[in-house]
Amino acid sequence: MLENYLPILLFIIVGLGVGVVLLAAGFILGPRKPSEEKLSPYECGFEAFEDSRMRFDVRYYLVAILFIIFDLEIAFLFPWAIVLDEIGLFGFASMGVFLAILLIGFLYEWKKGALEWE
Amino acid sequence: MTNEAFETPNLLLALPEIWLLAMACVVLVVDLFSNDRDHGPAFWLTQVTLLGGIIITVSTQWGVDATTFSGTYVADSLGALLKIGILVLAFLGFAYSRDYMRDRGILKGEYYMLGLFAVLGMMVTVSAGNLLSLYLGVELMSLSLYALVAIDRDSSRASEAAMKYFVLGALASGMLLYGMSMLYGVTGTLDLGEITAAAAELDDRRFLFLFGLVFMMVGVAFKFGAVPFHMWVPDVYHGAPTPVTLMIATASKVAAVGLFLRLIGEGLLPLLESWQHMVVLLAVLSLLIGNTVALVQTNIKRMLAYSTFNHVGFILMGFVAGTPEGYAASVFYALTYAFTVAATFGVVLLLARKGFEADHITDLKGLNDRSPLFAFVVLILMISLTGIPGTVGFYAKWMVLKSVVEAGFVWLAVLAVIGAVVGAFYYLRLVRYCYFDKAEGEGPQPTGSGGFQAVLAANGLLVLVAGIFPGTLVAVCLAAFL
Amino acid sequence: MENLLLIIVLAPLAGAIIAGFFGGTIGRAGAHWVTSLSVALSCLLSFHVLLGLISGDRQPFDGTVYNWMVAGGIQFQVGFLVDRLTAMMMVVVTFVSLMVHIYTIGYMADEEHNWPKDSLAGVNAYQRFFSYIALFTFAMLMLVMSNNFLQLFFAWEAVGLVSYLLIGFWMNRPTAVFANLKAFLVNRVGDFGFLLGIGVVLLFYGSLNYSEVFATAAANPDLTMSIFGGAEWQVATVAGILLFIGAMGKSAQVPLHVWLPDSMEGPTPISALIHAATMVTAGIFMVARMSPIYELSAVALSFILVIGAITALFMGLVGLVQNDIKRVVAYSTLSQLGYMVVALGVSAYAAGVYHLMTHAFFKALLFLGAGSVIIAMHHKQDMREMGGLKKYMPVTYWTMLIGTLALIGFPAFSGYFSKDGIILAVAESQRAGATFAYLCVLAGVFVTALYSFRLLFLVFHGEGRMDRHTREHLHESPLVVTIPLILLAIPSVLIGLVTVMPMVLGDWFGDAIFVSQANDVLAAVAAKYDSAWGLVAHGFVSLPLYLAAAGFLTAWYLYVIRPDLPDQLRQRFALAYTILEKKYWFDELHLNVFAGIGRALGRFFWKVTDVGLIDGLLVNGTARTIGRVAAGLRRVQTGFLFHYAFVMIIGLLVMLTWFVFGAR
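Residue numbers (my numbering), protein chains in the order written: chain A, 2 to 119; chain B, 3 to 484; chain C, 732 to 1395.
Mimicking SDA-like on lysine to any residue, the simulated pairs with C-alpha atoms at most 20 Å apart in a straight line are: (1) B/Lys110 x B/Phe454; (2) B/Lys356 x B/Gly443; (3) A/Lys113 x A/Ile66; (4) C/Lys1314 x C/Leu1300; (5) A/Lys113 x B/Leu34; (6) B/Lys404 x C/Ile805; (7) C/Lys1121 x C/Arg1199; (8) B/Lys110 x A/Leu108; (9) B/Lys110 x A/Tyr109; (10) C/Lys1314 x C/Ala1326; (11) A/Lys113 x B/Gly42; (12) B/Lys404 x B/Leu417; (13) C/Lys1314 x C/Ile1041; (14) A/Lys113 x B/Ser36; (15) A/Lys112 x B/Gly42; (16) A/Lys113 x B/Asp156; (17) A/Lys113 x B/Asp40; (18) B/Lys110 x A/Ile105; (19) A/Lys112 x B/Val32; (20) A/Lys112 x B/Asp40; (21) B/Lys356 x B/Asp40; (22) A/Lys112 x B/Leu34; (23) B/Lys404 x C/Gly804; (24) C/Lys1111 x C/Arg904; (25) B/Lys404 x C/Val801; (26) A/Lys113 x B/Ala149; (27) C/Lys1314 x C/Arg1303; (28) A/Lys112 x A/Leu63; (29) A/Lys112 x B/Ser36; (30) B/Lys110 x A/Gly114; (31) A/Lys113 x B/Val32; (32) B/Lys440 x C/Leu851; (33) C/Lys1111 x C/Asn903.
Derived, one-sided and incomplete: chain B residues facing chain C with beta-carbon distance under 7 Å: (34) Val220; (35) Pro230; (36) Thr294; (37) Val295.
Because the hints were derived from the structure by calculation, they are not lab data.
Glycine residues also receive a C-beta, built at the ideal position from the N, C-alpha and C atoms.
The task is simple: from the sequences and hints, build the whole structure.
If you want it as structure tokens, here you go:
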């Protein structure tokens, strides 16, 4: 029963190990020249603590939303790839249809100029 | 871990939706690459899509009773009937709206795409056999409609309406979803058929079941615009461009009937005793509020919004009995009402021109002098909405009242009839303006292309014909449930 | 068969719709062509159906075309029942209608003069007229072809409506408007009885379909119902009398006859089509159609017999003192309708319907002839201003003479057979009231001949009494007028000789008319005569012919030999003259007594209950209250999003508490 969780334990250990090693390596090996920009916390290109009613460029959100759609598509593709051998040709075709619809959406945003920054 | 054999679904059964989806994508791409300022290709392709959808629905789904996609999709006569209604209404909506949208500079390709996706959502809703697909359909419909309301981006009134619609709609969707999750929690299944079976043998879990039922009822009532979940209706009807109002007032009501029937009317039929009184409450409130407030409205769109409550009350009354006859009455009512209202909005659109909305009731003054044909159409529509014997509106009301009386709610029937009498006042007022008043200033002038006028006249006269020969449609509605 | 029947019915309707709604577009010629052709098509197909039924190629059709609605287990349908009776009626209706359509082209040719200048009512009036008569043809066909009471009632009302519209066709003449209102109101009285009769049939026989009702009625002949606390009445009697009250309105029987003379305000083609040949005979047809019900009730038949006999004699008498040419013919129609009703009353349905047919031809002929005279006289109708028209209008004269001979029953003319058939049948009958009826119809023969020839002599013989201007413009009417006259004259002469044996004395109608063995007076008549010529020969040795001859001689003496005598007679018999002149004071009775009481009651309810109670308290009070409530509720619609959401949440909470927690 408990041995089922052994891979997870190993995963945790390796994860911790890699994290610690990398941080330690950077801490030991990296040059240290702090500046104001480097010390300020980073959040998506905005000041982290500021009036919430500030102005921002709406194009930024457009890109962000478009990104999310294609990001989620990837999340959908992974499980599909794993069971591909079980769902057969129909499963393959389904994903084809899904991607085709997505492609049409992509075409739409491209043609409408949503991807052009200026 | 069981490894169920994966079953290839029967795509043919869902052909209407597949056709609509495919064509919506085609419309999108064609419109993208066409340079027509009037979006002619999109318009014609859309109408072809809807007509094709009607043909496909009739030929593949009427008289069928089957499920596909692992039970999430139901192909049956009820769904087919509602879908045909939705498709026809959408067809009328697009046919009436072209000139209006062009005059206001909001004739965009998106209008057709969003419209088609809304129709697709409605179709999925009425064919759902599973909570998941039901919700999917409802959301697809709602999201498209939110965006459509705001299609006139420069109008602050439309944006405000869209915002309200969206926020309240999201709230209602949340409640609907919450109710569904209760159901899932109690029964452990999303399949409506299995939920029905579970509802039939409830024991101590009844409390949770009812809890979920109330939330779902709220969500459904919102889609109907039933009092007290109606507050969005007047603002949205008034704020949205008239063609969009038309679609919300007609096709989405038919879809709401489908939503109710799938989810509660048939899905939770064993709990009839519990939801019967909820529906009665909603119906009574709708009848009371709708009729009284409609009396003092001076804007046709707002007046129709309030009078919608009255008709929603009638549609809900048909559900009260929980019998096939009652359901058939509701479907008949919803279809004929939507058809009549579509023509009413059509007249408003016909008279509207650049810089003139023709949505004030006095804008109809003297219509008979300008266009006897459309004054006559208004007359037919209004007496049908009033429910004067000999019109289709009368048969609809009569069927509903019959089912309510048979279910033992005589007082409700009496209340509804009184409401209908009050309704006569504000409907016939329009007729008075058409016939007995002289036009002020330029007065009403039918604009619009010949095709538009022909379809509108046919729409109006069909209401008349359906009043003289209601038998066929009644038989079709009954057949959908037997 | 079904499609064929639908075409027959719907062709005139289509014509009416086209001429009515698109009259302005298609113009005058378009309107009369489209309606005439549609009726011609109907007429042709009707002949086809009739011949098919006679030759046996077709079987009688009884079927439903459309299921209108079902309520409480009762089917409301549109259906056709076409047997020989119906087919005969279809032919009569469409043929006379076609003649009238053609005739109208001439009659209405200069109808613009009949409208005041600048009156919008005259716009497209010509097309409107054709639309109406085609619509009438449709309604009348629906009436005779119906296979159920509901459709019968609808068509019954529809012909009444068209009649109303056409009597008041010249809608800016006050007399015409009064006349059409009168026709409508008097018919409402009859229709009320008719509707009650249908109600009784539905209640006790449980169906609206003829064949089902007849079967049920035959199965339970002694079914009774109690009216007004206790008295048991036979259902067939009640239903029969109530339905006949409807027929009394439509077929203008005493005392509901008062509208028919006034209806002469309408254009003459209408008087011929609706108020002589077809619509007014609907009652006769209806009773014949319902013969299986009437045969069950001797009481109802006696009632019918007496009413018919009174109408036949006394309305004819009024015709003697009329001076308006159309009114004379109108009273003659009343009298002849009385004859038909008498025939029904003695169970000689076939004779009644047969008289209906022959009368349709010769009376339409007489009306159209009168119309032709009126055209020549520049729309003057007073016979005292006519005279000597024979030399100016030979075709009109000779055809009207034929019509008159047919009407008085000159041997071998069509009217002879039908009228003699009725008289013989009444003589055979043992029914209560038959003796009275026999005397009435015999006296009626004399009266008929008298007023008919009075009309003929006053109009066509003697000195011309018209003014100079009119005299100079006298001429025969155009071909569109005279051809229908000639075409109608042919059946007026011949139809009797050809058809009397099978239709009256034979079993031509088959199952369409049911006569019980004991009542079959026509069979008794048939036993005595074996051919049409036998009947003719009999005519010369029997009373009616000599009575008619006496009538002719009297008229000849009074109006040709001694034209001064009528005035002297008038003074000598002033009382009798006044009674006839005032038409037995029926109009005054209706106007002052019934309408007066009705108006007094109405005024009472208006002043006291309506204005005070209903308007003041209920209507306006309610309206004010609702208005106030609405204004308050309107304020709830604030426009604020959070208010809206708040209302939703409240609603949710109320429903939760009430239905979930309250239910436990």
